[in-house]
Amino acid sequence: MTLRMLPEWAPHERVWIGFPHDRKEWSATAFDAAREQVAAFANGVADQGRGEQVHLIVNDDESTGAAQALVDRCIDICEIPIGDIWLRDTASILVGTGVQRRARDFGFNGWGGKFLMAGDAQIGERLARSFGFQRDSRDWVLEGGAIDVDGTGLAVTTRQCLLNPNRNSGMTSADVEVRLADDLGIDRVLWLGDGLVGDHTDGHVDNVARFVAPGRLLLPAPNGSDDPNAAVYADASQRANEFGVEVVTLSSPGLVEIDGAPAAASYMNFYIGNAVVVVPQYGVAADAGAIDMLERLYPDRRVIGLMSDAILTGGGSFHCASQQVPA
Numbered sequence: 001m002t003l004r005m006l007p008e009w010a011p012h013e014r015v016w017i018g019f020p021h022d023r024k025e026w027s028a029t030a031f032d033a034a035r036e037q038v039a040a041f042a043n044g045v046a047d048q049g050r051g052e053q054v055h056l057i058v059n060d061d062e063s064t065g066a067a068q069a070l071v072d073r074c075i076d077i078c079e080i081p082i083g084d085i086w087l088r089d090t091a092s093i094l095v096g097t098g099v100q101r102r103a104r105d106f107g108f109n110g111w112g113g114k115f116l117m118a119g120d121a122q123i124g125e126r127l128a129r130s131f132g133f134q135r136d137s138r139d140w141v142l143e144g145g146a147i148d149v150d151g152t153g154l155a156v157t158t159r160q161c162l163l164n165p166n167r168n169s170g171m172t173s174a175d176v177e178v179r180l181a182d183d184l185g186i187d188r189v190l191w192l193g194d195g196l197v198g199d200h201t202d203g204h205v206d207n208v209a210r211f212v213a214p215g216r217l218l219l220p221a222p223n224g225s226d227d228p229n230a231a232v233y234a235d236a237s238q239r240a241n242e243f244g245v246e247v248v249t250l251s252s253p254g255l256v257e258i259d260g261a262p263a264a265a266s267y268m269n270f271y272i273g274n275a276v277v278v279v280p281q282y283g284v285a286a287d288a289g290a291i292d293m294l295e296r297l298y299p300d301r302r303v304i305g306l307m308s309d310a311i312l313t314g315g316g317s318f319h320c321a322s323q324q325v326p327a
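At position 64 of the sequence shown the residue is numbered 64 (our numbering), and the sequence of numbers has no breaks.
Just to be clear, a hint being listed does not mean it is correct.
Stated by the list, open to error - Simulated DEER-style distance windows between Cβ atoms:
no., residue 1, residue 2, range
1, Ser173, Gly49, 41 to 49 Å
2, Arg135, Asn109, 29 to 37 Å
3, Gly283, Val247, 21 to 29 Å
4, Ala69, Gly49, 16 to 24 Å
5, Gln134, Gly112, 28 to 36 Å
6, Asn109, Lys24, 36 to 44 Å
7, Ala69, Gly244, 46 to 54 Å
8, Gly98, Val248, 30 to 38 Å
9, Arg159, Gly289, 37 to 45 Å
10, Glu62, Val247, 43 to 51 Å
11, Arg135, Lys24, 25 to 33 Å
12, Phe243, Asp32, 38 to 46 Å
13, Gly283, Gly113, 29 to 37 Å
Hints were generated in silico from the structure; no laboratory data involved.
Yeah, the Cβ is synthetic: ideal placement off N, Cα and C, and Gly gets one too.
The whole structure should be built from the sequences, with the hints applied where relevant.
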């Protein structure tokens with residue numbers, strides 16, 4: 001029996017969130033602020049115990065102390081050796097529900113050999129063992145941020161990432177689709193083109209497109225004449241419409257720069273929790289519109305906008321730093 005990856009809006013038992021610990025991975029002025037923003041994200045998802053069980057994964061005693069000063073008491077601080085905080089990509093993907101849940105642990109090579117911290121390749125196994133999940137090791141590279149699913153067997157991804165030779169050299173789209181079917185129960189794939197300018201992940205889809213309901217895909221729309229991703233959004237919209245999914249859009253943040261270069265700032269990196277939806281904010285005019293749109297899409301959840309500009313300097317946002325466990 002093939003177990004299927006569930007959509008993010010399905011009920012969660014718990015969520016793992018990574019906590020920054022290595023100052024060298026952040027700008028000199030961003031490290032402490034990134035910790036505060038990750039802690040605010042964890043507090044928002046926990047919703048004072050009304051949301052889901054949050055496990056904040058910290059690397060060492062110093063990180064434990066820092067986290068204790070920032071998070072609510074309902075949050076479980078787990079000291080487990082961790083590399084970077086991006087558990088969406090390095091932790092296992094849980095498939096199935098109830099007693100039929102397994103941790104599918106894929107290969108990880110530092111986003112195509114660009115960044116690899118000690119512990120990144122082992123955290124999937126460590127979390128599965130610590131939380132008592134049966135683990136299945138898979139012999140190909142797949143990061144969780146590279147795919148998004150709608151629960152019916154449909155996934156969306158980008159060709160830039162999943163067909164990149166720096167991950168699984170020689171694999172074709174047909175090869176990838178067979179692997180996704182076997183490992184995650186995905187039987188249809190919507191292939192988009194490229195990801196965002198400035199995204200070191202080689203085009204993770206969770207910065208470009210997210211399913212918000214079965215067959216319903218949320219995409220960014222360009223914001224301003226200097227939006228560096230206008231062509232990316234137009235191409236994604238065309239491919240999605242040709243595929244036949246329902247497309248809804250919200251304005252992108254527009255041009256957001258770090259050290260003078262376009263950053264991969266995206267409202268698509270929101271997290272769907274049991275009680276809340278947490279959406280990144282960047283201190284730009286479009287922030288409020290992202291909250292408004294997600295409130296319309298998720299009327300049964302409270303939508304929280306939280307600053308993520310410091311986290312962005314490390315290369316991601318809330319969705320990247322988290323991995324949910326289905327109930």
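Verification of the hints:
no. : hint                          : result
1   : Ser173 <-> Gly49: 41 to 49 Å  : 44 Å, holds
2   : Arg135 <-> Asn109: 29 to 37 Å : 19 Å, violated
3   : Gly283 <-> Val247: 21 to 29 Å : 28 Å, holds
4   : Ala69 <-> Gly49: 16 to 24 Å   : 19 Å, holds
5   : Gln134 <-> Gly112: 28 to 36 Å : 29 Å, holds
6   : Asn109 <-> Lys24: 36 to 44 Å  : 20 Å, violated
7   : Ala69 <-> Gly244: 46 to 54 Å  : 50 Å, holds
8   : Gly98 <-> Val248: 30 to 38 Å  : 32 Å, holds
9   : Arg159 <-> Gly289: 37 to 45 Å : 29 Å, violated
10  : Glu62 <-> Val247: 43 to 51 Å  : 46 Å, holds
11  : Arg135 <-> Lys24: 25 to 33 Å  : 30 Å, holds
12  : Phe243 <-> Asp32: 38 to 46 Å  : 43 Å, holds
13  : Gly283 <-> Gly113: 29 to 37 Å : 33 Å, holds
When held up to the earlier numbered hints, the structure conflicts with 2, 6 and 9 and fits the remainder.
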